[in-house]
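Residue numbers (my numbering), protein chains in the order written: chain A, 7 to 761; chain B, 7 to 761.
Hint data in this document are derived by calculation from the structure and do not stem from the laboratory. Any given hint could be a false lead.
To be verified - If you want the ones that stay clear, here's a sample from chain A, every Cβ over 10 Å from chain B, calculated:
1. T67
2. E182
3. E202
4. N324
5. E691
6. K710
What the hints assert, rightly or not - If you want a taste of the chain A side facing chain B, the calculated C-beta under 7 Å gives, among others:
7. G425
8. V467
9. K472
10. G473
11. I583
12. M584
13. Q585
14. N601
15. N624
16. P654
17. V689
18. Y749
19. T750
20. R752
21. Y755
Quantities reported herein were computed from a predicted structural model and do not represent experimental measurements. Built from N, CA and C at the ideal position, the CB exists for glycine as well.
There are 2 protein chains.
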Amino acid sequence: MNKIHILVFSIAFVLVSCNKTAEFKTVDKTGEQSHPSLVLTKKGVKDIRANLGQIPIFDKTLAAAQKEIDAEIIKGFDVPVPKDYSGGYTHETHKKNYILMQKAGVLYQILDDDKYAKYVKDMLFEYARQYPTWPIHPKPRSYARGKLFWQCLNDSNWLVYTSQAYDCIYEYLSEEERNTLETDLFKPFADYISKENPQFFNRVHNHATWGNAAVGMIALAMDDDALLDRALNGVNDDKFDPDEKDNDGGYIRKDGQKIGFFANVNEPFSPDGYFTEGPYYQRYASYPFLIFAQALQNKKPEQKVFEYKDGVLLKSVNALLNLSNADGEFFLLNDAQKGMSYFNSSLISTVDIGYHFGGNNPELLSIAEMQDEVTLDDAGLAVALGIAAAREKPFVKKSIELSDGANGDEGAVGILRSGDMELVFKYTAHGLSHGHYDKLSFALFDGGTEVVQDYGMSRFVNIEQKGGGNYLKENTTWAKQSIAHNTLVQNEKSQFNGKYDIGSKYHSNKYIFSVEDENIQVASAKEENAYPGTKIHRTMVTIKDKDYQNPYVLDIMRVSSESSNQYDLPFFFLGQIMQTNFDYKKLDAPEILGNSAGYQHLYKEAGALVNGENIKLNWLQNDKFYTYSAITFNNDEVIFGRIGANDPDFNLRNEQTLILRKNNAKDALFVSTIESHGTYSPVSELAVNAYSNIDDVSVLLDSKEYTAIQINTKNDTSKVFIISNENNDKESEHKLTIDNKEYTWRGSYILTENK
Amino acid sequence: MNKIHILVFSIAFVLVSCNKTAEFKTVDKTGEQSHPSLVLTKKGVKDIRANLGQIPIFDKTLAAAQKEIDAEIIKGFDVPVPKDYSGGYTHETHKKNYILMQKAGVLYQILDDDKYAKYVKDMLFEYARQYPTWPIHPKPRSYARGKLFWQCLNDSNWLVYTSQAYDCIYEYLSEEERNTLETDLFKPFADYISKENPQFFNRVHNHATWGNAAVGMIALAMDDDALLDRALNGVNDDKFDPDEKDNDGGYIRKDGQKIGFFANVNEPFSPDGYFTEGPYYQRYASYPFLIFAQALQNKKPEQKVFEYKDGVLLKSVNALLNLSNADGEFFLLNDAQKGMSYFNSSLISTVDIGYHFGGNNPELLSIAEMQDEVTLDDAGLAVALGIAAAREKPFVKKSIELSDGANGDEGAVGILRSGDMELVFKYTAHGLSHGHYDKLSFALFDGGTEVVQDYGMSRFVNIEQKGGGNYLKENTTWAKQSIAHNTLVQNEKSQFNGKYDIGSKYHSNKYIFSVEDENIQVASAKEENAYPGTKIHRTMVTIKDKDYQNPYVLDIMRVSSESSNQYDLPFFFLGQIMQTNFDYKKLDAPEILGNSAGYQHLYKEAGALVNGENIKLNWLQNDKFYTYSAITFNNDEVIFGRIGANDPDFNLRNEQTLILRKNNAKDALFVSTIESHGTYSPVSELAVNAYSNIDDVSVLLDSKEYTAIQINTKNDTSKVFIISNENNDKESEHKLTIDNKEYTWRGSYILTENK
């Protein structure tokens, strides 16, 4: 067994050697390599010490860390026998310990005070004393149980941080002490999360990224190149079962898939730097990706990690920041908890590393300034010096399309920004095990406030009262389902029948992304696999009308199918209904809307039959007035629903939705506008522009080739938007006559004023 | 008829002359009195001009007003024929006009630029031209319809502001011009809202306050002492019908009740300055009370208006500011819209007048500084000079009891403040027509955030889409009902059977208000009329335990009745349920809880039978963790309810409540604690102190004489709170033995640690 191991290793090693870099050096086993050398370097420490007192943001961060660690040193530490899930004492204590060690190590280097080194050393020796005695963590919920924590993931977190602490006090320790720690703690620790848990380590997944980085960091700290190779290229797992799944229902990996750190960089990131799981998980994975890349760059520059895949790790920093709203909160793509933002601590290092290794982009300094904190290392010093020299520029978020897929050919996320509006339109691949079944879904933000929501995930991270802080069952039964999103649901089934095996095979396709003209921006995409036999084409447009203060959104969804179906298009507005222009009948008591695919979690509160008029929903949120106006056709149905049915533990938020339903239709056209048109002040009690500016939206033409929509506004102007449904060539000439009026244009769409 | 009028007037005049002041002077009809003399004075104008450029807050306010009015002068004005309800064009335009005139008048005085005077003059002449032609406003909803607006109330608003404008340009106008304006506009305007609408003018009500102030202001501006007398003492209304009611169901007035401005000061304000309708309406009435008082003081100092009733108008300023939470938002007592705060424009003058005429209290300067605006008059100058001289001190809100009733003997509002917690306990009189049936109710705020809510009113003020911006029917059927509040409901009937005629006869009684010790503060009150034959005694306590960061609330409600009843005690927590320690059964679909008295608006979502254990409800709001722990007895029932049934227009907010129900009980004891114990950050995803610190709450003794509650906390300490139920003497000595342990103390209660 051992022999096979070594053999496989050697092969993997050679492969990588050839593949990645010719300058790959053999490991220097003499211990000559100096420490610190991971995130802090000898030179960095010297420069930091020379600048202290003149770099306010660094000085402040340092003072806070010092204050915190000084208090902790007085308090003393605890290394409890592992027992709890997240939220529980032993979990939170081990988590706290690794953060304290990392900080104390840094303080030792910068302040040159042995008490910090001693604190780290004492804690490490306590871990080294106990670790060999600990069995696998008693809590059984994970597919890869850790030793300190209930899952290897958290054990890896521990090692990523602790490696830095060890690097910092490396030279403070005697060789014998280092031997003890490495033999009793670090090596078995690294082996446990890799060799003994290949189903965790050998994946392309944020779990594996942490695992790879953890093993890689400690390998760099210990100058153990064999171990480093394991981090970069994976560990042998000849018992690999391609049918095995993790707790989220995701496959461990595809058979034959590459593994190790580089594979984890290569696969999930598109060439634009979009991380296929979405920004919430990128934020989480960002730390190990970048902290390990930084260490690798510092210690093994010949690996050229930041040049890998055309510099994708650095591009990912920019992509991630662009995936946040005006308040810096990440858009909710796939499993994501609301409120996570670039103020998260892992984004401190992301921004600092992005700045330091990515060409000192001054826009990143303005983010760092808002974060009001830097990493206490070479990268943080660079940022602090930049801010001290007042070199920051505003980080301007513009409309942007970020492709998905390792090769950038698996759809994309399109973000349209206009005025205070930010529209996120999702036409990506599935997003691995955290993906939702929500192709062609969107969400809308206004000045940082979510107005048309993506529910996010059904989980209260680290809140033990709610299922131990882990994913709740409603995440699967509600949050991932199509009906929980602002997108099409056919026959009350989720897209891809809600099956990961199917969904993960497909992606939507980009059709148009055109944002050169700030008055008319278009994102258009097609989905042809979510419901076999049905093609969906959605176009989202932001229009800035000079007569009105805010831009508005035009949403066109064309559905064509081989069969007759029921189509539901939910609209998850947030806020209180002010008025509708149609009569609805409120039910005496809410009724459960359906049986499965998320419908079992929706109550029907009211319903209406509409017949070809525009319907309008006017609502108020956060002291702003909004109106949704939708074209309807004969026998369309409107349902006011509310989340919360079949929710025995009150796990769900009880928000509303409006569902526009078409029964027994083959082809269908959904067209609507969304306006943010007015404001209210509960202090002055003044309502300003409380009503929609749009008089009427109508379909002028809808054919296989073209869809033309007319929008009449209250100031008697009339606009026509025409999109070519089959030709997205930017240079094609189009000529079209509608109602004896001729429209000619070049490109895939036109917006014109009707005289 | 005319003769009778004059006769009655003369009598009223003489009565007042004797009663109020001996120095009451006859009117100088020579026109010698100089202008401006209402809110601006000649001397004030001189001082303001001398200080411009050195009083930043005043300069800034002035610049903003100038910018606004300059733009409006260019735009021109419109005086449309009245037609709309609030929110509509003509309503909003007439409202805008009076504000513009007032500001332009002030600018004329301060900047000495005729263009501002001309703007006011032109607009006034346009009103004078059209006013005589206008019939009563076409919209029929009010018991006292105006001419410019749908109700006399808004016409009065207009006149209060316009009088100031007229005063400012008085000397700019020729005598002939003044005659025209007074004859065609001001006198008939004043007559209309007084003589022709005595059901509006002759009340003790915020409506009448505006009417009295309006007539009084224009009387002062015109130097018309007969008219001033009408303002101060009411108008003849020999056709008065004591059974007549207003639109809110309130009586016009009690037979024989005094009327006019002084009566309106005397009756609704308690000697502590509490306004019986509550702070939301005090805020609204505050402007006419104080602006007219200021004008009266400036022009008729012999009236000594600020000394009236021991200086109650100035005391009311302090009372009002104390009725706001940490963010300056007013507590929701009776009809009140959430979010109204001391940043409302009427509070600018309230604070400035309170400062200028009330002895230059430096704490008011800190409020003015937060408001970042002053009135452009003598009072505003005083504030601006105070701020420029850096004389402000923080306005420290402490625990305070504010008596209700003209003589201060009709109950009170008790406010307990401890740490970040603010508890508002209501044991007042009914509060006139805007009163709610919620004796012994409370609400709890934490750092300015409402945690245990009072629903407030069911109205979206000035949002036309929602019932023209007026009271919605759900205000009567839900918001005013007892079950909408955190107080006792017997047999699913509202207190006083929800009848204003009955409720307005009674008030609760203070029992204890003791706040000297910040570690234990007690507010206790009794209600014996809400349900005939049933006596309710509620005691609310804040306890600061040195072991815990935040104080917690202990709530004891004793009920004793002559008959067996169902008792419901709702608890309107805001936020999401995290966990309960009891099993509840969620219903498949919500059921309507009851038939009337507000129960028809509640859905039952889940229920539980409990049996003598403590129940715990742990919830999360605004990233803080809270726990409600309640003692239960055998066969108590817990109901999770949600607002929103029988709400055909989605007028209600769909928030939750927990109802603790006792069936078939004569006497009952409800005891609970409320803790704010932890925090959550969606950015760091850290949950801190997510669980209650209280292990157990139990009843040691409950007798006619004493109630003793034991609270055991997680750190193994045990506290006992004992209250004397029948003797609230502060000096009495008590001795009590419970479980062989002797407790002795002086005063009405004790909190002691159990060793």
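| No chain B beta carbon within 10 Å of E182 (chain A)'s | holds, 38 Å
| query | With 7 Å as the cut and Cβ atoms as the points, is Y755 (chain A) at the interface with chain B? | reply | Cβ of Y755 (chain A) sits 34 Å from chain B, so the hint is violated.
| Does the CB of N601 (chain A) sit less than 7 Å away from some CB of chain B? | violated, 12 Å
| Exclusion check [E691 (chain A) not at the chain B interface, CB over 10 Å] | For E691 (chain A), whose nearest Cβ neighbour in chain B is about 5 Å away, the distance does not exceed 10 Å, so it is violated.
| field | Interface hint status, R752 (chain A) versus chain B (Cβ within 7 Å) | value | Violated, because the Cβ-Cβ distance from R752 (chain A) to chain B comes to roughly 42 Å (cut-off 7 Å).
| Can the hint on Y749 (chain A) be confirmed by a CB-to-CB distance to chain B that is less than 7 Å? | violated, 37 Å
| message | Is the interface hint satisfied for V467 (chain A)? The criterion is a beta-carbon contact with chain B at less than 7 Å. | response | holds, 5 Å
| query | Does K710 (chain A) sit more than 10 Å from chain B, CB to CB? | reply | holds, 40 Å
| G473 (chain A) as an interface hint toward chain B, with CB separation required under 7 Å | violated, 10 Å
| request: Evaluate the condition: distance from the CB of E202 (chain A) to the nearest CB of chain B exceeds 10 Å. | output: With a cut-off of 10 Å, E202 (chain A) remains clear of chain B, as the shortest Cβ separation is near 28 Å.
| request: Double-check G425 (chain A) for me: the hint is only fine if its C-beta lies closer than 7 Å to a C-beta in chain B. | output: violated, 23 Å
| query | Is the shortest C-beta separation between K472 (chain A) and chain B less than 7 Å? | reply | At 6 Å from the nearest chain B Cβ, K472 (chain A) passes the 7 Å test, so the hint holds.
In this structure, the earlier hints numbered 5, 7, 10, 14, 18, 19, 20, 21 are contradicted, and the remaining ones agree with it.
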